[in-house]
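Residue numbers (the working numbering), protein chains in the order written: chain A, 1 to 217; chain B, 1 to 217.
What the hints contain is simulated information worked out from the structure, not anything from laboratory work.
Hints may contain errors.
Which copy is meant is left open, because identical chains are indistinguishable; a pair holds if it fits in one copy or across any two.
To be verified - With a Cα cut of at most 25 angstroms, we get these calculated BS3-like pairs of lysine-lysine:
{"#": "1", "residue 1": "44", "residue 2": "215"}
{"#": "2", "residue 1": "89", "residue 2": "25"}
{"#": "3", "residue 1": "52", "residue 2": "89"}
{"#": "4", "residue 1": "217", "residue 2": "44"}
{"#": "5", "residue 1": "52", "residue 2": "85"}
{"#": "6", "residue 1": "54", "residue 2": "217"}
{"#": "7", "residue 1": "25", "residue 2": "217"}
{"#": "8", "residue 1": "85", "residue 2": "25"}
{"#": "9", "residue 1": "25", "residue 2": "44"}
{"#": "10", "residue 1": "89", "residue 2": "44"}
{"#": "11", "residue 1": "215", "residue 2": "85"}
{"#": "12", "residue 1": "89", "residue 2": "215"}
{"#": "13", "residue 1": "54", "residue 2": "116"}
Keep in mind it's a predicted model, so treat the numbers as computed, not measured.
Each chain, letter by letter, is given below.
2 protein chains.
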Amino acid sequence: MARNKHPEETVNLILDVAFRLFMEKGYEHTSIQDIIDQLGGLSKGAIYHHFKSKEDILFAVTDRMTAESNQMLAVIRDRTDLSGKEKLKTIFQESINRPVQNDIYTIAPDFHNNPKLLLSLLHETVEEAAPNYILPIIRQGMADGSIQTDYPEQLAELILISANIWMNPMIFNSNEEDSYRKFMVFRQMMQGFGLDVVDQQMLDRFQELASIYQKNK
Amino acid sequence: MARNKHPEETVNLILDVAFRLFMEKGYEHTSIQDIIDQLGGLSKGAIYHHFKSKEDILFAVTDRMTAESNQMLAVIRDRTDLSGKEKLKTIFQESINRPVQNDIYTIAPDFHNNPKLLLSLLHETVEEAAPNYILPIIRQGMADGSIQTDYPEQLAELILISANIWMNPMIFNSNEEDSYRKFMVFRQMMQGFGLDVVDQQMLDRFQELASIYQKNK
């Protein structure tokens with residue numbers, strides 16, 4: 001008799017296999033059939049019961065990564081030992097340094113071929129990350145005097161769109177030199193808002209990620 | 001005997017009809033069949049010979065608008081009576097004031113349902129508009145002393161991504177109040193780069209466009 005697995009176990013199994021294959025071969029070079037072949041007898045129908053397309057699987061894989069990193073963002077947001085401005089710097093540091101970034105840049109989806117993924121990242125940035133993580137930190141900074149602005153929601157959005165979309169090497173196919181130059185302009189923009197929150201270590205790491213992407217795309 | 005039209009005449013006829021219908025009914029509420037019905041006997045096959053989908057027709061309609069507005073941008077770029085900074089201000093003014101903006105916000109495509117359109121706008125912004133129109137103006141400003149930056153390409157991109165994507169009411173469904181607040185943060189960003197180039201008249205016009213969109217979406 002076949003084991004009566006819970007559906008979430010099946011979904012997790014599919015995502016585990018897909019994640020590993022995306023890492024090994026890259027997203028563009030992995031087919032749905034490749035994923036099925038590694039699922040030990042799970043039928044094509046079983047996959048399509050849970051996911052409409054390979055792009056759908058990619059969404060689920062990145063959602064799982066996002067959920068993990070949001071945990072980390074929430075911990076920083078809720079600390080009581082830092083000013084708003086210090087939290088902003090910490091959140092940039094921790095975000096760029098976390099190892100899952102290497103995984104994302106290794107999977108290296110081509111946004112040109114996956115416009116829905118771009119739309120999803122744009123909306124996750126503006127409708128989830130900005131209001132839930134950056135906005136509360138900016139509000140704290142306004143209260144403790146470390147950040148000055150009259151428009152915290154919009155400042156949170158502009159900062160994250162710049163960092164997550166414009167500076168994203170996977171969207172604009174940036175190399176290390178492009179990434180260096182974007183980083184310098186981003187730093188100047190932040191300074192214009194009185195936010196001196198990026199440093200050399202972040203620049204080095206940012207260039208490293210661009211380089212990982214260039215090797216894997 | 002049927003007239004032997006040139007293909008570009010057929011394409012222009014399709015685009016004229018599609019543009020008028022998009023304006024009257026909105027993009028989302030216009031079907032390919034609506035367009036065919038108004039083409040006076042042109043067959044479905046003739047349309048699909050030139051366009052794969054309704055989205056393809058929208059691309060062609062917006063390309064035609066973009067070509068017209070690029071003419072205007074080129075004229076400003078090539079003037080000899082203005083400093084780089086003055087040209088930047090003029091280009092913002094003329095871009096937001098041109099009547100075709102009313103048409104675009106009346107057609108009001110829903111970017112959520114048309115991710116390829118977003119990708120196309122993003123790449124037109126970064127790969128066409130920024131290098132061809134904003135970059136030469138920034139370079140002139142560096143030469144005449146009216147603009148200071150070490151990274152003209154990246155500054156051009158960041159300015160246009162903010163203005164064309166983040167501030168675009170059609171992408172983020174902004175109302176007049178959101179648009180006011182985004183404009184104020186954008187103004188502060190520009191001032192941080194030493195670029196005091198936006199004014200009250202632009203703000204009024206920007207809010208007017210958001211209001212046109214809210215009425216037509």
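Hint check, failures only: 1, 2, 3, 4, 5, 8, 10, 11, 12
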